[in-house]
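Protein chains in written order, with UniProt numbering: chain A, 1 to 174; chain B, 1 to 590.
There could be a bad hint or two in this list.
A few chain A residues facing chain B, derived, Cβ under 10 Å [said to hold, decoys possible]:
#1 9
#2 25
#3 26
#4 27
#5 29
#6 54
#7 57
#8 100
#9 105
#10 160
#11 162
#12 165
#13 166
#14 167
According to the in silico footprint, chain A covers these stretches of chain B (three or more CB under 8 Å from chain A) [claimed, not checked]:
#15 39-53
#16 91-103
#17 222-232
Everything labelled a hint here was simulated from the structure, so no lab data went into it.
We put the beta carbon where it would ideally sit given N, CA and C, even for glycine.
So you can see what is in the structure, the chains are spelled out below.
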Amino acid sequence: MDYVQQRVAQAASNLDTFTNSFFTPLNAFFLSVLLYTAYAFLLRPSPPATLPREPPAIVFRTFTPRTLLPYNGTNDMPVYLAVRGRVFDVTRGRNFYGPGGPYANFAGRDASRGLACGSFDEDMLTKDLDGPLDTLSDLGPEELEALRGWEERFEEKYLVVGRLVSVGEEGEED
Amino acid sequence: MAFLATLLLRLDESVTGLFGQWNPWTSVIVTVLVGFLTYQIAARQEPDIHPLLLARQSQRSEVRLPGESPVYRSQSAPHGMPLNAGLNVKDPGAAKWSRGRDGDLRDIWRQVIAGVQEDGPTKGATGRILTVLGTDKVVEHHLRDLTRHINFIGQHLASQGATRVAIYLPNSVELMVTLFACAFYNLTAVVLPFDQPDDAVISMLRRSDADIVVTAPGSFPFNLVVQNYPSLRQLIWVVDEGSKHMDWNEIPQGAGGSVNVTTWQDVLYEGSANSGNELPPLQGQREPSDVIVFWQSKPGQEEEMVQFTSSNLIAGVAGQIFAIPTSHRMGPSDLFLPADSLANTHTLVLTLAALYSNASVAFNSAAPQAEDLTVAVRGVFPTILVATPAALLKTHKEAQAQLKSSLVARTLHSLQLQKLTQNGVMPLIKTRLPAGSKLRLILTAERPRADTPRLSCRVLTDLRAFTGARIMYALTAPKVAGTVTQTGFYDYRVFDGEKDGGYHFGPPLTNAEIVLRDTGLFRTGSHGSRGEIFVRGPCVAGGEASVAAAGMFRDDNTLAYTRAYEFSFHQAPPDERFKQIEDDKDANSD
Numbered sequence: 001m002d003y004v005q006q007r008v009a010q011a012a013s014n015l016d017t018f019t020n021s022f023f024t025p026l027n028a029f030f031l032s033v034l035l036y037t038a039y040a041f042l043l044r045p046s047p048p049a050t051l052p053r054e055p056p057a058i059v060f061r062t063f064t065p066r067t068l069l070p071y072n073g074t075n076d077m078p079v080y081l082a083v084r085g086r087v088f089d090v091t092r093g094r095n096f097y098g099p100g101g102p103y104a105n106f107a108g109r110d111a112s113r114g115l116a117c118g119s120f121d122e123d124m125l126t127k128d129l130d131g132p133l134d135t136l137s138d139l140g141p142e143e144l145e146a147l148r149g150w151e152e153r154f155e156e157k158y159l160v161v162g163r164l165v166s167v168g169e170e171g172e173e174d
Numbered sequence: 001m002a003f004l005a006t007l008l009l010r011l012d013e014s015v016t017g018l019f020g021q022w023n024p025w026t027s028v029i030v031t032v033l034v035g036f037l038t039y040q041i042a043a044r045q046e047p048d049i050h051p052l053l054l055a056r057q058s059q060r061s062e063v064r065l066p067g068e069s070p071v072y073r074s075q076s077a078p079h080g081m082p083l084n085a086g087l088n089v090k091d092p093g094a095a096k097w098s099r100g101r102d103g104d105l106r107d108i109w110r111q112v113i114a115g116v117q118e119d120g121p122t123k124g125a126t127g128r129i130l131t132v133l134g135t136d137k138v139v140e141h142h143l144r145d146l147t148r149h150i151n152f153i154g155q156h157l158a159s160q161g162a163t164r165v166a167i168y169l170p171n172s173v174e175l176m177v178t179l180f181a182c183a184f185y186n187l188t189a190v191v192l193p194f195d196q197p198d199d200a201v202i203s204m205l206r207r208s209d210a211d212i213v214v215t216a217p218g219s220f221p222f223n224l225v226v227q228n229y230p231s232l233r234q235l236i237w238v239v240d241e242g243s244k245h246m247d248w249n250e251i252p253q254g255a256g257g258s259v260n261v262t263t264w265q266d267v268l269y270e271g272s273a274n275s276g277n278e279l280p281p282l283q284g285q286r287e288p289s290d291v292i293v294f295w296q297s298k299p300g301q302e303e304e305m306v307q308f309t310s311s312n313l314i315a316g317v318a319g320q321i322f323a324i325p326t327s328h329r330m331g332p333s334d335l336f337l338p339a340d341s342l343a344n345t346h347t348l349v350l351t352l353a354a355l356y357s358n359a360s361v362a363f364n365s366a367a368p369q370a371e372d373l374t375v376a377v378r379g380v381f382p383t384i385l386v387a388t389p390a391a392l393l394k395t396h397k398e399a400q401a402q403l404k405s406s407l408v409a410r411t412l413h414s415l416q417l418q419k420l421t422q423n424g425v426m427p428l429i430k431t432r433l434p435a436g437s438k439l440r441l442i443l444t445a446e447r448p449r450a451d452t453p454r455l456s457c458r459v460l461t462d463l464r465a466f467t468g469a470r471i472m473y474a475l476t477a478p479k480v481a482g483t484v485t486q487t488g489f490y491d492y493r494v495f496d497g498e499k500d501g502g503y504h505f506g507p508p509l510t511n512a513e514i515v516l517r518d519t520g521l522f523r524t525g526s527h528g529s530r531g532e533i534f535v536r537g538p539c540v541a542g543g544e545a546s547v548a549a550a551g552m553f554r555d556d557n558t559l560a561y562t563r564a565y566e567f568s569f570h571q572a573p574p575d576e577r578f579k580q581i582e583d584d585k586d587a588n589s590d
């Protein structure tokens, strides 16, 4: 209680020193808050919003069976596979087509025959990388139908990043 | 314990001391602070469009061909989907959910007379067609009369065995009527730029192989044409009301007698009062005919003749309609004024878009030459205006000069600019330019190789604040109906260093896609997309065309190009075509 009385007396004696001056520390404080707020709302320039730059686009390429081979997902390479002359980037499906996946045999190869026959075995792939492409001429209508189904699915999900030609045909237009 | 008490005492004393300084001045400052904060929070407006939508304005294809950039498309026309090619015209009686036809020019006039078809408060409303004469006289044309005119003129032209009809008229109702008459009666319309030197007119007639000319007396070199262009079969004078009593059919002595001369009024009188109210039927109509236009570059250079199919023009019209957000589309409450020559495809396509949207359209033959907006909008209060960059630049200069004299106006202007560029909000402007204006949208276009003055984004945003209207700035090209690219409706951003990096021309519309092919120093690579600008799509005559200028896509996927990298018109081998014009003359850098 003593304390309160003492403070009241103190404050009462201070009334004499009450000032009407504009330049008090308190005024300076509020004035600076006001000025900063005005600056922040009215004058501070903000540059237009930007999004991070897009990564460069993939360049459409012409592959031969041999140049396609490295794109099998090992050594941090993307995963590509070819279906009837078109090369799809299936990196997003790495779990299936990448190393260790059930379709890993197709990575970096011409997968047309394998997809058509529904077989993921090694012997579905064209062995001779320098030879002509698989023409699929011996396949039946059912198998071709299955292949078309796969192609449609790939077109929906993946990007066509190039075309596959046999060695020696790289310069030719299709 | 004693220590804590002292501490508390100190704290108490200092707080009391500080607030003991409270005096009337403090109250004033705090009141102002609180008031300012309250106002800022209460008056805060959401930006017109989310800023991130402006940060990426077009879609890039993921894969690109070697030697060119990825393909850029409008956000509303995704890759893998067909581009927007038509107006989705539904024939009377067709099911509501059925897919409409792309349509052609005839459907535009049918829409004009049918009125708004969508359900809503404006259903059935039609626009008005006006002609501004002199400074303040405005004449309204009844749509029924215009339909009869289209029929009479069309029947007359067809009865003459014409196949190609040249139109050499200033911006006028007659120009549009002849254009529609050609569309309904299967004739190829040739729209010539007005007010050209005599030899240019003859050369354009010759190249377009026109057999009838519709023109106005006084501007058409009749004798010279008759002497130099014998294939001309007929000439139709569009004469003023005041001089129609004169005998216009008389052919000057010695001038070729093979040319049949008549007047517009005579053709209309030939038709009986009760006929011509019905347009040719929709069923069994023939394939739409083409429209030929001439692209003017610099004076003295030969005009480039471009033949647009009807579907090119319609795709251009559709693109323009969709370029405006749904809530701001043109409608019956709008008055549209083309204050640029209708012989410019950009203006023509926009006018057709306004007609199809059932907006009112005013024609003023003097408007394209107007020095500034005040002169251009004389006599009417348009809400949508197609203006020349030169007129806009002049208006900007005048307004800037006025600002210099008044501090209040300057402060107000900078606050409006702040609102536009920082908040992305179109401010409400009380004193608009031109005086009394109701403008809400201004459309203007850059014509490569034609010496049109450039409008920097700073000038454009200044003009938005001066006029209170949104502005869309387009890049056009000879073979493109409408625009190559166009700045967005809600894009008020301002960039520095535009002069070096090229002017900002926005993203492509829904009717075209853009690819940049490597040329000279302009190559696409990890630094970004650069090269010669190519446009593809249904609005391009021939399907694909070059703008004949080098450009780049900026990080917000909008096209930028600078005139310093235009190619010369007469095309040299690819590497020499790339030449740098010494200086990019700019009146508007600031």
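### Message
Tell me if the interface restraint on residue 25/A is satisfied: Cβ within less than 10 Å of some Cβ in chain B.
### Response
holds (7 Å)
### Message
For the restraint on residue 160/A, tell me whether the closest CB of chain B is nearer than 10 Å.
### Response
Where the cut-off is 10 Å and the nearest Cβ of chain B is about 7 Å from residue 160/A, the hint holds.
### Message
Holds or violated: the hint that residue 9/A contacts chain B, with Cβ atoms closer than 10 Å.
### Response
violated (13 Å)
### Query
Are residue 162/A and chain B close enough, Cβ to Cβ, to be under 10 Å, as the hint says?
Check passed: Cβ of residue 162/A comes within 8 Å of chain B, closer than 10 Å.
### Query
Do the numbers back the hint for residue 29/A, that is, is its least Cβ distance to chain B under 10 Å?
Result: holds, 8 Å to nearest chain B Cβ.
### Closest C-beta approach of residue 166/A to chain B relative to 10 Å, hint status
violated (20 Å)
### Message
Let's test the interface hint: is any C-beta of chain B closer than 10 Å to that of residue 57/A?
### Response
holds (4 Å)
### Query
Has the region 222-232 of chain B got at least three residues whose CB is nearer than 8 Å to a CB belonging to chain A?
Violated - the region 222-232 of chain B has 0 residues with a Cβ nearer than 8 Å to chain A, which falls short of three.
### Message
Checking hints one by one. Is residue 167/A an interface residue toward chain B, by the C-beta closer than 10 Å rule?
### Response
At 20 Å from the nearest chain B Cβ, residue 167/A fails the 10 Å test, so the hint is violated.
### Interface hint status, residue 26/A versus chain B (Cβ within 10 Å)
holds (4 Å)
### Task
Go through the hint on residue 165/A and say holds or violated, using the shortest Cβ distance to chain B against 10 Å.
Check failed: Cβ of residue 165/A comes no nearer than 15 Å to chain B, outside 10 Å.
### Query
Once the shortest beta carbon distance from residue 105/A to chain B is found, is it less than 10 Å?
This interface hint is violated because 25 Å lies over the 10 Å limit.
When held up to the earlier numbered hints, the structure conflicts with 1, 8, 9, 12, 13, 14, 16 and 17 and fits the remainder.
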